[in-house]
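Asks: Residue numbers (numbering that gives the first Met the number 0), protein chains in the order written: chain A, 0 to 307; chain L, 0 to 252.
Note that these hints are calculated values from the structure, not bench results.
As the structure is a prediction and not an experimental result, all values here were calculated from the model.
A couple of the hints might just be wrong.
Distance condition first, Cα-Cα at most 16 Å in a straight line; then the derived EDC-like pairs of lysine to aspartate or glutamate [as the list claims (entries may be wrong)]:
#1 Lys78/L to Glu86/A
#2 Lys112/A to Asp155/A
#3 Lys17/L to Glu92/A
#4 Lys78/L to Glu92/A
Some chain A residues well away from chain L (every beta-carbon gap over 12 Å; in silico) [stated by the list, open to error]:
#5 Arg13
#6 Leu54
#7 Glu92
#8 Thr99
#9 Ala131
#10 Val153
#11 Ile160
#12 Asp162
#13 Asp222
#14 Val264
#15 Arg277
For each residue, glycine too, the CB sits at the ideal point set by N, CA and C.
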Amino acid sequence: MYAIETRGLAKIYRGRIGRPAAPSLDALDLTVGSNEIFGFLGQNGAGKTTTIKVLCGLIRQTRGTAAVCGIDVRRREARQSLGYLPENPYFYEYLTPRETINFYGQIGGLGAKERERQWGSISELLDLREIAGQRVRGFSKGMRQRLGFAVALVGDPAVLILDEPMSGLDPLGRRRIRELMLHLRTQGKTVFFSSHVLGDVEQICDRVAILSKGRLVVQGRVDELLSRRVTHVEVIASGLPETVDSEIAATAVSSRNSEEGRHFVLPDLARANDAVRRVHAAGASLVEFSPVRESLEDYFLRLQERKP
Amino acid sequence: MRIAAVAMNTFREAVRDKVLYVLLFFAGATILGSKALGWVSVGQDEKIIIDISLAATSLFGVLIAVFVGTSLVYKEIDKRTIYTILSRPMWRYEFVLGKYLGLAMLIGVVTLVMAAMAAAYIAVMGGHVGLTYLQAVLLIYCQLLLVTALSVLLSSLTSPILGAMIVFSCYVLGHATGIMINMPPRFDGTFVKSAFETAYYVIPNLSHFNIRAEAANGATVPGTYVLWTMAYGAAYTALLLVLAAFSFENKDV
Ligand SMILES: Nc1ncnc2c1ncn2[C@@H]1O[C@H](COP(=O)(O)OP(=O)(O)OP(=O)(O)O)[C@@H](O)[C@H]1O
Ligand SMILES: [Mg+2]
Numbered sequence: 000m001y002a003i004e005t006r007g008l009a010k011i012y013r014g015r016i017g018r019p020a021a022p023s024l025d026a027l028d029l030t031v032g033s034n035e036i037f038g039f040l041g042q043n044g045a046g047k048t049t050t051i052k053v054l055c056g057l058i059r060q061t062r063g064t065a066a067v068c069g070i071d072v073r074r075r076e077a078r079q080s081l082g083y084l085p086e087n088p089y090f091y092e093y094l095t096p097r098e099t100i101n102f103y104g105q106i107g108g109l110g111a112k113e114r115e116r117q118w119g120s121i122s123e124l125l126d127l128r129e130i131a132g133q134r135v136r137g138f139s140k141g142m143r144q145r146l147g148f149a150v151a152l153v154g155d156p157a158v159l160i161l162d163e164p165m166s167g168l169d170p171l172g173r174r175r176i177r178e179l180m181l182h183l184r185t186q187g188k189t190v191f192f193s194s195h196v197l198g199d200v201e202q203i204c205d206r207v208a209i210l211s212k213g214r215l216v217v218q219g220r221v222d223e224l225l226s227r228r229v230t231h232v233e234v235i236a237s238g239l240p241e242t243v244d245s246e247i248a249a250t251a252v253s254s255r256n257s258e259e260g261r262h263f264v265l266p267d268l269a270r271a272n273d274a275v276r277r278v279h280a281a282g283a284s285l286v287e288f289s290p291v292r293e294s295l296e297d298y299f300l301r302l303q304e305r306k307p
Numbered sequence: 000m001r002i003a004a005v006a007m008n009t010f011r012e013a014v015r016d017k018v019l020y021v022l023l024f025f026a027g028a029t030i031l032g033s034k035a036l037g038w039v040s041v042g043q044d045e046k047i048i049i050d051i052s053l054a055a056t057s058l059f060g061v062l063i064a065v066f067v068g069t070s071l072v073y074k075e076i077d078k079r080t081i082y083t084i085l086s087r088p089m090w091r092y093e094f095v096l097g098k099y100l101g102l103a104m105l106i107g108v109v110t111l112v113m114a115a116m117a118a119a120y121i122a123v124m125g126g127h128v129g130l131t132y133l134q135a136v137l138l139i140y141c142q143l144l145l146v147t148a149l150s151v152l153l154s155s156l157t158s159p160i161l162g163a164m165i166v167f168s169c170y171v172l173g174h175a176t177g178i179m180i181n182m183p184p185r186f187d188g189t190f191v192k193s194a195f196e197t198a199y200y201v202i203p204n205l206s207h208f209n210i211r212a213e214a215a216n217g218a219t220v221p222g223t224y225v226l227w228t229m230a231y232g233a234a235y236t237a238l239l240l241v242l243a244a245f246s247f248e249n250k251d252v
C-alpha cells in the first residue's frame with residue numbers, strides 16, 4: 000500500500016462566472032511509498048499547494064482520486080494518519096505553544112495523559128521548552144515554522160505533508176528541518192514535502208516528482224534522475240608532452256594550466272576515457288578524473304525549457 | 000470532545016479580546032445612565048431603569064453576536080488558522096458547531112453579567128426585580144442565540160461586512176413584522192408587496208422575544224408563552240445551524 004497515491008487528479012478552481020478557468024492541476028498520477036522522503040518540486044504556481052490541499056481535505060478535487068494510506072482523502076479517516084504543515088503556518092496569536100499543542104491534541108481526540116506525553120516528546124524534539132509560555136503573537140518566522148512542525152507531529156501521524164517547510168528560513172534553520180526529516184524517516188514515517196529549493200531536495204530525498212503548470216513532468220529516484228546526465232568531465236594531468244597535450248586539447252571543451260598540471264574539461268565520458276588512455280600511453284601522470292553530474296537544478300531547468 | 004475544544008478555544012479568544020471589555024463598559028454606562036432619564040417621577044424610576052437595562056442587554060448582546068459572529072468562520076479562513084484545524088480527523092460540522100457554541104457561551108456570560116449588574120443597580124435604588132425580569136432575560140438570550148446562528152451561517156458564506164448588513168436587516172425586519180404584512184394598499188400586486196410577504200414568512204418574528212414592557216410594569220407572563228417562544232427560537236436556531244454546516248461541508252478553504 001502506498002502512503003500517498005493519486006490517480007488522474009485534477010483541480011479547476013471556480014473562476015469568475017461564465018469564464019471557465021484553466022486547470023491548476025491536471026491528470027496527476029503520483030505514488031509515494033511508505034517510509035520515503037519524497038520531494039515535490041515545481042516553480043511558483045505549478046500546483047504544489049493545490050495538490051497538498053486536496054490531500055489534506057481542504058479543497059475538493061474536480062476529477063480523479065487521491066488516497067492517504069489507502070483511504071480516500073474525501074473521508075475523515077484519511078486524516079487520522081496525516082500531519083500537515085501549511086505553506087506559512089498561522090496559529091492562534093493569543094495562545095502559547097503549550098496551549099497550541101494541547102488544542103491540536105484535543106481536536107485530534109487525544110486524552111489528557113497522551114497530550115501531556117506528546118508535549119514532552121515534541122517540545123523536546125523541536126526545542127519549544129524555552130518559548131513554551133510565550134504568546135505566538137511575537138514569534139519570528141523560524142519560531143512559527145518550528146511550532147508548525149510541532150503541530151504537524153501531534154497525534155504521531157504516519158505521513159507528514161509539508162508545504163515548503165524550508166522557505167524563509169536561514170541556513171541553520173534549513174539544516175534543522177532537514178535533520179528533522181531524516182530523523183522522522185528513521186522513525187518509520189513518510190515525509191512528503193514541496194519545495195523549489197533544489198539543493199535541499201537533492202540532499203535528502205529518496206524520490207522526487209517535478210510539476211510544471213499543473214502537470215507531472217517526471218517522477219523517480221533522485222540518483223536515477225541525476226545519473227541520466229554527466230554534463231562534463233574534468234581531467235587533470237601532469238608531465239604531458241606537448242603533442243599529447245594538443246591532441247587532448249583538440250577534443251576538450253577548454254583547457255588551462257593549474258598548479259596541479261594541465262586542466263582539461265571534456266564534454267563526455269567517452270572522450271574523457273580516451274584522454275586518460277593518451278595520458279598513460281605518454282607516461283604522464285593522471286592527477287584527477289572527475290565526472291561532473293548535472294545538478295537537480297540544471298535538470299529542472301532543462302525540463303522547464305522542453306515544455307512549451 | 001472535539002466540539003468542546005473548539006468551543007472553549009473560541010470562548011478564550013473572545014475573552015482575551017479587549018473589544019469585549021469596551022462593549023461591556025458601554026453597556027454598564029448605559030444602565031447607570033438610565034438614572035439620568037429616570038427623573039420623571041419616583042414611581043416611574045424603577046420601570047424606566049428596568050426597561051432601559053433590558054434594552055441595553057439586548058442591544059449589546061446583538062452587537063456582539065453580529066460583529067463577532069459574522070467574522071467567526073470567515074476570519075479563520077482569512078487568517079488561514081483553519082488549515083491546520085480542518086486537516087485533523089474532525090468533521091467540518093464539528094468545527095462550525097464548536098465555533099457557534101463558544102460564542103453562545105460568551106454571549107451567555109455577557110448577558111448574565113449585564114442582567115446581574117442591572118438587578119444590583121435596581122436593588123441599590125430601592126427597587127427589586129421579579130420573575131418576569133428573569134423571563135425577559137431568558138428570552139433575550141434565546142433571541143441572541145438565534146441571531147448568533149444567523150451570523151455564523153453568513154460568516155461561512157460571505158464577508159463580515161456584507162454578513163453584518165444582512166443580519167442587521169433581518170434583525171430590524173424581525174422586529175417590524177407587522178409592517179411587512181400590512182403594506183399600504185397602493186403596493187397591492189407589486190413586487191415589493193410579495194417580497195415583503197415572503198420575508199414575513201421567512202424571517203423569524205423577533206418581537207415575540209420582547210417582554211420588556213411586562214417586566215417593567217411587573218406584569219406576569221404565562222410560563223407556557225415563554226416555553227413556546229423558546230421552542231420557536233430553538234427551531235429557527237437549529238435550522239440555521241444545519242444550513243451553516245451544509246454550506247461549509249464542501250467549501251474550498
Ligand atoms: N483559491 C484559488 N482560486 C483560484 N486559483 C487559484 C487558487 N489557488 C491557487 N490558484 C491557482 O492555481 C495555480 C497553482 O497554484 P498553487 O498555489 O498550487 O501553486 P504552488 O505550486 O503552490 O506555487 P508556489 O510555489 O508559489 O507556492 C496557480 O496558477 C494559482 O493562480
Ligand atoms: Mg505553494
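Asks: Look at each hint and say if it fits the structure.
Replies: Going through the hints against the structure:
1. This hinted pair checks out: Lys78/L and Glu86/A have alpha carbons roughly 13 Å apart, not beyond 16 Å.
2. At most 16 Å may separate the alpha-carbon atoms for a hinted pair to count; Lys112/A and Asp155/A meet this at roughly 14 Å.
3. For the suggested pair Lys17/L and Glu92/A, the alpha carbons sit about 14 Å apart, so the restraint of at most 16 Å is met.
4. Pair hint Lys78/L plus Glu92/A holds up; C-alpha atoms about 10 Å apart against a cutoff of 16 Å.
5. Interface exclusion of Arg13/A from chain L breaks down, the closest Cβ pair being 8 Å apart, not more than 12 Å.
6. Listed as a non-interface residue, Leu54/A fails to keep its Cβ farther than 12 Å from every Cβ of chain L; the least gap is roughly 9 Å.
7. Residue-level check failed: Glu92/A sits 9 Å from the nearest beta carbon of chain L, not beyond 12 Å.
8. The beta carbon of Thr99/A sits about 9 Å from the closest Cβ of chain L, which is not more than 12 Å, so the claim that it is off the interface is violated.
9. Ala131/A, annotated as away from the interface, keeps every beta carbon of chain L farther than 12 Å; the closest lies near 17 Å.
10. With a closest Cβ-Cβ approach of about 9 Å to chain L, Val153/A is found to fall inside the 12 Å limit, against its non-interface label.
11. A cut-off of 12 Å between C-beta atoms contradicts the statement that Ile160/A is not in contact with chain L; the least separation is 8 Å.
12. Consistency note on Asp162/A: stated as away from chain L, yet its beta-carbon is not over 12 Å from all of that chain's, at 9 Å minimum.
13. At the 12 Å boundary, the C-beta of Asp222/A stays outside the reach of chain L, the nearest C-beta of that chain being 32 Å off.
14. For Val264/A, the shortest C-beta to C-beta distance to chain L comes to about 49 Å, beyond the 12 Å cut-off, and the non-interface label holds.
15. Against the 12 Å criterion, Arg277/A stays outside the reach of chain L, whose nearest CB is about 62 Å from its own CB.
In summary, the structure is inconsistent with hints 5, 6, 7, 8, 10, 11, 12 from the numbered list given earlier, while agreeing with the others.
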